[in-house]
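Those sequence lines, one after another, are chains E and H. Throughout the first sequence, residue numbering follows the numbering used here, covering 1 to 567 in sequence. Throughout the second sequence, residue numbering follows the numbering used here, covering 1001 to 1159 in sequence.
Listed below are the simulated EDC-like cross-link pairs for lysine to aspartate or glutamate, each with C-alpha atoms no more than 16 Å apart in a straight line:
| hint | chain 1 | residue 1 | chain 2 | residue 2 |
| --- | --- | --- | --- | --- |
| 1 | E | Lys-510 | E | Asp-535 |
| 2 | E | Lys-401 | E | Glu-378 |
| 3 | E | Lys-40 | E | Asp-17 |
| 4 | H | Lys-1066 | E | Asp-300 |
| 5 | E | Lys-129 | E | Asp-102 |
| 6 | E | Lys-306 | H | Asp-1053 |
| 7 | H | Lys-1066 | E | Glu-147 |
| 8 | E | Lys-306 | H | Glu-1054 |
| 9 | E | Lys-9 | E | Asp-167 |
| 10 | E | Lys-335 | E | Glu-222 |
| 11 | E | Lys-369 | E | Glu-244 |
| 12 | E | Lys-195 | E | Asp-311 |
| 13 | H | Lys-1062 | E | Asp-300 |
| 14 | E | Lys-330 | E | Glu-222 |
| 15 | E | Lys-195 | E | Glu-331 |
| 16 | E | Lys-195 | E | Glu-332 |
| 17 | E | Lys-323 | E | Glu-222 |
| 18 | E | Lys-306 | H | Glu-1058 |
Some chain E residues close to chain H (C-beta under 7 Å, calculated; not the full set):
| hint | residue |
| --- | --- |
| 19 | Met-119 |
| 20 | Pro-120 |
| 21 | His-124 |
| 22 | Val-144 |
| 23 | Pro-301 |
| 24 | Ala-302 |
These aren't lab readings, by the way, just hints derived from the structure by calculation. Even for Gly, the Cβ is constructed at its ideal location relative to N, Cα and C.
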Amino acid sequence: MNGAEYIVKFLEKKGVDLVFGYPGGVVLFLYDVLGRSSIKHILTRHEQGAIHGADGYARVTGRTGVCLATSGPGATNLVTGIANAHLDSVPILVITGQVGVDSIGRDSFQEADIVGITMPITKHNYLVKELDRLPGVLEEAWNVAREGRPGPVLIDIPKNIFTGTADFPEAVCNLPNRKIPLKNGLTRQLERIAKVLKEAQRPLIFAGGGVISSGAEEALAEFRGYSEIPVVTSLMGKGAIPEEPGGSLGMVGMHGRPAANLALSQCDVLLALGARFSDRVTGNPQNFLPETCIIHVDIDPAELSKNVHADFPVVSDVQTFLKLLLQRLKEENSKPTIQPWLTQINSWEKEFTLSYQQGSLLKPQEIIKEVARQAVNEPIVVTDVGQHQMFTAQYYPVKGKRNFVTSGGLGTMGFGLPAAMGAAFGRPGETVVLFTGDGGFQMTVQELAVMAQYQLPVKVFILNNSCLGMVRQWQELFFKGHYAHSLFTSGPNFVKLAEAYGVKGLQIAKSEDLKVVVQEAFSYPGPVVVECIVDQKENVLPIIPPGGKPNEMLGRWHGEAHVSRLS
Amino acid sequence: MRHTLAVLVENRPGVLSHVAGLFARRGYNIESLVVGETEDKTVSRITLVVEGDERVIEQVSKQLNKQIEVIKVNDITNEETVDRQMLLLKVTADQAARQEILQLMEIFRCRVVDIGRRSLIIEATGDEGKLEAVTQSLRPFGIKELVRTGKVAMVRGPK
Ligand SMILES: Cc1ncc(C[n+]2csc(CCOP(=O)(O)OP(=O)(O)O)c2C)c(N)n1
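Please put together the full structure from these sequences, using the hints given.
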């Protein structure tokens, strides 16, 4: 058997049915074998599309995404996507071809040291120089990508390894046991945590992406139901629990929902689950909730007390932890008494609502709300990066499991379209809604070709404000309105652009068209691009200025037209 | 404060770059790093001297532990250890000075490993303090070249 055959057989054995990739010189041999296998290969139109596609696929399915590229430029085109998956802890197996072992280090044609380049942005990476290491590396890489905190793993495979033949040994997973977190000490921690929670007067659950990656959605809903402790989420945690009364108060942080941020600023005990306290949430970490008792649960010990000091650090996956804690609370028949706190939060929710001012021009918020209103069967919601992303996080109540996909940690413009494509492949038959900006959409627009080819049910809403909205907003607020290179003076005809790719193109320019066009987009079975012409000057509010505390939000309060600071 | 970390790693290609790269990208300062095989051929030991407060060192250890090839991280700063560094030093030594230098080296139990017409090469092994003293004592004669290894350390006793 040769190396290429071994790799394909390995992927089949792991149940991989779909890979995203792009061929080239040194991987032709692998492609020759792959092309005869049962594995479906999605030929994206750029390697960045392949890696974001694998990322979207992994996020909505919970499985490992697989992505292939050739050496040199093929591999370097993956870099942004790998970094993106790394910061959001998404399991992806990346296989890149490399020049033959004898040619390495000679600046050979299409040689790039992708292992060196991706070392800081992968969970782990490998260069396979000996054929007999191939089985062990594949097996280990597969496990590393999934075990503990998930992440992207890259295997760089020289050309001669694909062609070389050997009697490959049965691979054993030699991922050392030591990498699996210890469970000892958990019982005692639980005892103390149960006590702290029981005595808390203003407890709050802060759910991060770890809730989703550990599959703890039901456990969280159950825990919340029993304890009645309110829940807020990070951007990555959005969708971990339904955004409805009795579920989540919404996202916290720089553009968080007002009541959620107020609850965060006033809680006395914070139960942080699989969240990493990014600077978008904490502002200046030194001033972050100095009085609050923080219980921090994460599968990655390095997250505990990394940004914010944890009074109770717990190394555990969220699901296991929540089940044990709930069991304990039930056994002790204990619940915190928090009625006044709940009443307080309730009144914040009524008093400090999200609001925007309607005008003659369409507002991005209106579109998002209308799409959410018309959506049936809880579609997968995907965003790109910018203002529309924050509007979606604020205004689109996500329900269902693994239904929200966004680039959180890296904030990668161009992520949305290929991720939506990957999501559609991951959950065939389900509708995918993508909100994107006219900037980000143009960064990876070529993947419309794939959407057309497979008639993927992706509804793309471009919130076209003729500018790099988020940049424009910061320039307005923090650079005295000096709009340096953020306003587009020309742009494509998005409807025609979509149609050129064979995708249905629609446009909404006036509020009165909104309802019917959204309806039309949903009733059409295949991919649709809806260009929405929106007010260029709309800002994302509230906003906590950089370094501010959760309660120091600027926004429009009590129906006032002007923007002011809440406290 | 300076910390000494003893890190056991798998003896595989690429391990050192993974460890060193980690320090670079997280902004930690390595003062010295020594790597070599151990009694077990499949395992290497990296001895690291790192500058940082408790918080930084805790993060360093946790991040090191996350590396797939890292087997164990031990902070041996506060342990009873034997630690050694080695120094090679080329000192100007004309006929007149030579005798005095040789006597000095006798006191420090250093070895002269090469004799040239105008210079000597001295080899010194010891802990940081001793190497510092050796260097100071030779400075007046004129140091032409100096190389030092990083520190290797071992915890005393049965551990
Ligand atoms: C690849 C990349 N380049 C630059 C940025 C910086 N950036 C963040 S938001 C933004 C503007 C996005 O504009 P658009 O896609 O039109 O969305 P909008 O903010 O208008 O909704 C920019 C340039 C980024 N996040 N990613």
